[in-house]
Amino acid sequence: MRRFLVLTLCLVFVGALAVAMLELAPPAIDLRIPVHGQLAQTGVSHPVTAVLLNYRGYDTLLEIAVLLLALLAVLTVTDDAGVTAPHAEHPVLQTLARVAAPLMIVVAVYLLWAGAFRPGGAFQAGAVLAAAAVLLHLVGLLPGWRSPRLPLRIGIVAGFVVFLTVATALLARGALLTYPPATAGILTLLIECALTLSLALILAGLFLILSRDEQAP
Amino acid sequence: MTFAFDLLLALALLWSGWRTLTTRRLDRAIVLFIAFGLLMALAWARLAAPDIGLAEAAIGAGLTGALLLDAHGALRRRKGRP
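Residue numbers (the working numbering), protein chains in the order written: chain A, 1 to 217; chain B, 1 to 82.
These aren't lab readings, by the way, just hints derived from the structure by calculation. Some clues are possibly wrong.
[Said to hold, decoys possible] Taking lysine to any residue and the SDA-like style, the derived pairs with C-alpha atoms no more than 25 Å apart in a straight line are:
(1) B:LYS79 to A:LEU206
(2) B:LYS79 to B:PHE3
(3) B:LYS79 to B:LEU21
(4) B:LYS79 to B:THR20
(5) B:LYS79 to A:ILE209
(6) B:LYS79 to A:LEU187
(7) B:LYS79 to A:LEU210
(8) B:LYS79 to A:LEU138
(9) B:LYS79 to B:VAL31
(10) B:LYS79 to A:ILE33
(11) B:LYS79 to A:THR78
(12) B:LYS79 to A:SER45
(13) B:LYS79 to A:VAL77
(14) B:LYS79 to A:VAL14
(15) B:LYS79 to B:LEU32
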């Protein structure tokens, strides 16, 4: 009896949701026209990249800051101890990873480059690079990370620092993150490159640091 | 044809989501979660949002799946140890 009641309530709820979805009013503000109208000044020709790095640059700046903060939090709660020596996996898996990793790097660079004019961009490219690192770690070719050394630290903060430097440098022109249309394209590319590197290291770091104690005997 | 594909995709999403939450074995739930993420990426592509689809496939299905599998492995090893 009770099950029947719950099922009926669920079905009524689903029906109400469907009706509400079908009767949604058209959005009050249509942002597509202004986004496409100003696209020529953003230095990129893909509207999503224009929104992420130009119109709403703040959001992306804060996003990379949040990810950096997450990695710092992970670093503070993990201790330095733990065995980082990778355990050797099956040679077939290792060979497959050796073949796949360079291809993934090529895909990541393509995604980064394609971000200017078609779907792609720093986040996707960084995630693919991080996935390559995770793959190499899982088959035992890449050791887990202890506390990162100086080059690694620079790489991890590079995206945020470059983004923030560009943002504050533009502050002299009046507003934060208002790129001059002439150099917007090259500035966006510079920020995207730094973001890709840092995102890859941060995302890979989340995995390589957290999974480090797994090999402990 | 595309309607049939969309319908199948929606049903597969609902089914894999339901199975992910209700299956008893953790490892199976994680694999179902990865499958759910990939189906979700397809759904985003069908909704003309390939950017989100790419991010979902790479981060949602790939990295999160790897982290979950790793956590599962660590839990099992810890349980096996006295």
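Taking the hints in turn, this is what the structure says about them:
Between LYS79 of chain B and LEU206 of chain A the CA atoms are separated by roughly 23 Å; this keeps the pair inside 25 Å, and the hint holds. For a cut-off of 25 Å, the pair hint linking LYS79 of chain B to PHE3 of chain B is broken: about 47 Å separates their Cα positions. In summary, the hint linking LYS79 of chain B to LEU21 of chain B is supported, as the alpha carbons are separated by about 23 Å, within the 25 Å threshold. Among the hinted pairs, LYS79 of chain B with THR20 of chain B is consistent with the structure: their alpha-carbon atoms are about 23 Å apart, no more than 25 Å.
Between LYS79 of chain B and ILE209 of chain A, the direct Cα distance comes to roughly 21 Å. Compliance with the 25 Å bound is thereby established for this hinted pair. Under the criterion of a C-alpha separation no larger than 25 Å, the hint pairing LYS79 of chain B with LEU187 of chain A is inconsistent with the structure, at around 51 Å. Taken as a hint, the LYS79 of chain B and LEU210 of chain A pair is honoured in the structure, with Cα atoms around 18 Å apart against an allowance of 25 Å. Under the criterion of a C-alpha separation no larger than 25 Å, the hint pairing LYS79 of chain B with LEU138 of chain A is consistent with the structure, at around 21 Å.
Restraint check: the Cα-Cα separation between LYS79 of chain B and VAL31 of chain B comes to about 21 Å, which is no more than 25 Å; the hinted pair holds. Straight-line distance between C-alpha atoms of LYS79 of chain B and ILE33 of chain A comes to about 57 Å, which puts the hinted pair past the 25 Å bound. Proposed proximity of LYS79 of chain B and THR78 of chain A is supported: the alpha carbons are some 21 Å apart, at most 25 Å. Among the hinted pairs, LYS79 of chain B with SER45 of chain A is inconsistent with the structure: their alpha-carbon atoms are about 53 Å apart, more than 25 Å.
Between the alpha carbons of LYS79 of chain B and VAL77 of chain A the distance comes to roughly 22 Å, so the proposed pair stays at or under 25 Å and holds. In summary, the hint linking LYS79 of chain B to VAL14 of chain A is not supported, as the alpha carbons are separated by about 41 Å, beyond the 25 Å threshold. Note on LYS79 of chain B and LEU32 of chain B: the hinted pairing holds, with a Cα-Cα distance of about 23 Å set against a maximum of 25 Å.
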